Amino acid sequence: MSDRAENLILALPGLLLLAVAFFVPIAQMLLLSVQGEEGLTLANFTRFLGDPYYLGVLWRTVRLSLLITAICALIGFPLAYIMARIGPRMRLWLIVLVILPLMTSVVVRTFGWMVLLGRSGLVPDILRSLGLAGRNFSIMQTESAIVIGMVQVLLPFMTLSILGVVSRIDTRLEEAARTMGCGFGATLRTVVLPLALPGIVAGSLLCFTLSASSFVTPNLLGGSRIQVLAASIYRSVTQTLDWPFAAAQAVILFVGVLLILVPYARLGGGTR
Amino acid sequence: MADVRLHQIKKSFGSVEVLHGISLDIASGEFISLLGASGCGKTTLLRIVAGLEGATEGRVELGGQDVTGLPPEKRDIAMMFQSYALLPHLSVGENVRFPLRMRGIGTKAEQRERVAEALETVQLGHLAERKISQLSGGQQQRIALARAIVSKPKVLLLDEPLSNLDARLREDMQVELIEIHRRLGLTTIFVTHDQEEALSLSDRIVLLNKGKVEQEGAPDEIYSNPATPFASSFLGASNLLPATVRHSGGTAIAELEDGQTIALPADTAEGACTLALRQEDITLSDEGDARLTAEVATRVYLGARSRYILRLAGQELRVLTGTTPTHEVGSRVGLEFDPDRIRILPPETDKTSKDT
Ligand SMILES: Nc1ncnc2c1ncn2[C@@H]1O[C@H](COP(=O)(O)OP(=O)(O)OP(=O)(O)O)[C@@H](O)[C@H]1O
Ligand SMILES: [Mg+2]
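Same order as they appear, the protein sequences are chains A and B. Mapping the first sequence onto the numbering used here, position 160 (from 1) lands on 160, and the numbers just tick up by one. Adding 272 to a residue's 1-based position in the second sequence gives its number in the numbering used here.
You may find that some hints are simply not true.
Unchecked claim - Estimated spans, in silico, between C-beta atoms of each pair:
1) A/Y264 with B/T328: 44 to 52 Å
2) B/G311 with A/I95: 27 to 35 Å
3) B/T328 with A/G134: 55 to 63 Å
4) A/R4 with B/D438: 32 to 40 Å
5) B/I581 with A/L92: 48 to 56 Å
Stated by the list, open to error - A partial selection of chain A residues facing chain B, derived with a Cβ cut-off under 10 Å:
6) G14
7) E175
8) L188
9) T190
10) P194
11) L195
By construction, these hints were calculated from the structure, which means they are not laboratory data. Here the structure is a predicted model, which is why all the values come from computation and not from measurement. Backbone N, C-alpha and C fix where the C-beta goes; we use that ideal spot for every residue, glycine too.
Looking at chain A on its own, in the form it has when it is part of the complex (with noise of 0.2 Å):
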């Protein structure tokens, strides 16, 4: 038998699960988005794309999503780093302390952000107490509080993607740059950042998706008002009963991660 032939045969069990439980439900949606009255309609497409009002919920959601994988990029970097250097004990314990948030359901941890930020919350407080908000001032139901709940959710996975590449480059790459004139500093942007980025892409994929899909948090500590896609979705699904408008968001939401993703990840397989 070929190697190809044998390859398929042992990959066959894992293409035909994939198939079923991947492309049979996004054929699925893609059918239900394009049903009308009467046979095939592109109606709600154009419904979407037309209306100014979904339009600046799309536009939130790549930018919030976005700004949110930025932000975890830049606090995840270091600390895989600091995790990586650290002795054997201590980074056992700054992986437990990463984890942990993962460990209790997302809603919970949602309703202790909303106890934090909201109007007589601890955040809130401490910043009126120091001067630096007016009496009325609150976190909750601002595009901030969806950045703040988000990135907390999202770290973990940013960190640990960073992590495993990271502690895979060999210390003596970093000290040879040291030799050859380089600060510390200077070591991190020309030896460590460079061959960290596929774990950077990553982890940044990760977050892109998972924060431009994600429903609970945006909803709960954004409210009502500052609407993201997957829940313009969920409303569509659970209260307008009009599926085949939700199905036609889903679809949107899906190229549109595809269009983002597809180029970075080739970025990522690029330096390799």
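Since chain A is already given, all that's left is putting chain B with the ligands on it; use the hints.
Chain B with the ligands alone, transformed into the frame defined by chain A:
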């Protein structure tokens, strides 16, 4: 003026002390070899000079300036790592240019020129555009060497730079190293466990044994006058035989552990000692009337010559001879040598030291 001065360097990892107080003065432009068995602390000492490792005790001076607390990037050195440490995300040319770029040496055009020159020196000018992962081990080693010399540092640190090359290339590179050193006059510390390399390249050899300087001196001096059994066995692959010297009737006799005796010059001091005899100084004869005999344990054919491993008084003895006549494994052979070629050294204190 001393360019590198190490003063009583001690280094411990945890509770284990691996360097026990090493002092060394290296003159400007000197080519010095750190020679020693695996694990004796050569790399550690080099890392301390580079600033990658802090000494537990002691002081490092470069060019008359105390640099003990200075980080590596502030020292005017270049180091070639035993593992090469080439940067995998940069091309060969970019790797070699890296130290120039980071230290801000020269304009872009000058940098390009120096990179080309360094690559030419290691005979790899045609590979500048390659990725590191597309190079063989030996090529990577030469790129690492090019990267170390390109910035013409005050002190060049080389950690076994030629260990991975085939015999021919190795000789080429040795000649190249001598050339580079003559041309640039860089103070060079060269780490090796190959005594021949140390002998042929260096102005001075520092022989390390278990974190201490065993002996230092010019190659011919250290080769012909090893001070200790370890030095003797490490340089020139000498055979060491424990013996006891007695005087009887105006002559000195060394008695081996199995009772055989060897006549020594009359002025040899009495007592326990170690006899050192180079493997090329011994010739073999048929057992016959020889005064000293040994049993052939192994014969290794080396092309132009043969190496015999003999058993004598519980010791292994290596002898390098011509290919004829051959002696069968298991037979007894007689040993002939000029008594003046025997060196009498203090008794061996630590038997394991020569096996490492
Ligand atoms: N980071 C470290 N932690 C603990 N022990 C170490 C460390 N680095 C080196 N050692 C120990 O120090 C001793 C000297 O090591 P070093 O690497 O200097 O040897 P070397 O002479 O360069 O050997 P080789 O010829 O094999 O490269 C060894 O016994 C080694 O186990
Ligand atoms: Mg070493």
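For this session: Note whether the CB distance of A/R4 and B/D438 lies within 32 to 40 Å or breaks it.
Result: 38 Å, holds
Problem set entry | Supplied distance hint 48 to 56 Å, evaluated on CB atoms of B/I581 and A/L92 | 51 Å, holds
Problem set entry | Cut-off 10 Å, beta-carbon criterion: hint that A/L195 touches chain B | 6 Å, holds
Exercise. That 44 to 52 Å hint for A/Y264 and B/T328 (C-beta), does it hold up?
Worked result: 48 Å, holds
Problem set entry | Interface hint for A/T190, Cβ within 10 Å of any Cβ on chain B | Interface hint status for A/T190: holds (7 Å vs cutoff 10 Å).
Problem set entry | Distance restraint hint 55 to 63 Å, applied to the beta-carbon atoms of B/T328 and A/G134 | 58 Å, holds
Exercise. Can we keep the A/P194 interface hint, with Cβ of chain B closer than 10 Å?
Worked result: 5 Å, holds
For this session: For the hint on A/G14, just tell me whether its beta-carbon gets within less than 10 Å of chain B.
Result: With Cβ-Cβ at 29 Å, over 10 Å, it is violated.
For this session: Would you settle whether the hint for A/L188 is holds or violated, based on the nearest Cβ-Cβ distance to chain B being less than 10 Å?
Result: Check failed: Cβ of A/L188 comes no nearer than 13 Å to chain B, outside 10 Å.
Problem set entry | Given hint A/E175 near chain B, where the shortest CB pair must fall under 10 Å | 5 Å, holds
Exercise. That 27 to 35 Å hint for B/G311 and A/I95 (C-beta), does it hold up?
Worked result: Taking Cβ atoms as reference, B/G311 and A/I95 lie about 33 Å apart, which means the hint holds.
Consistency with the previously given hints fails for numbers 6 and 8, ordered from lowest to highest.
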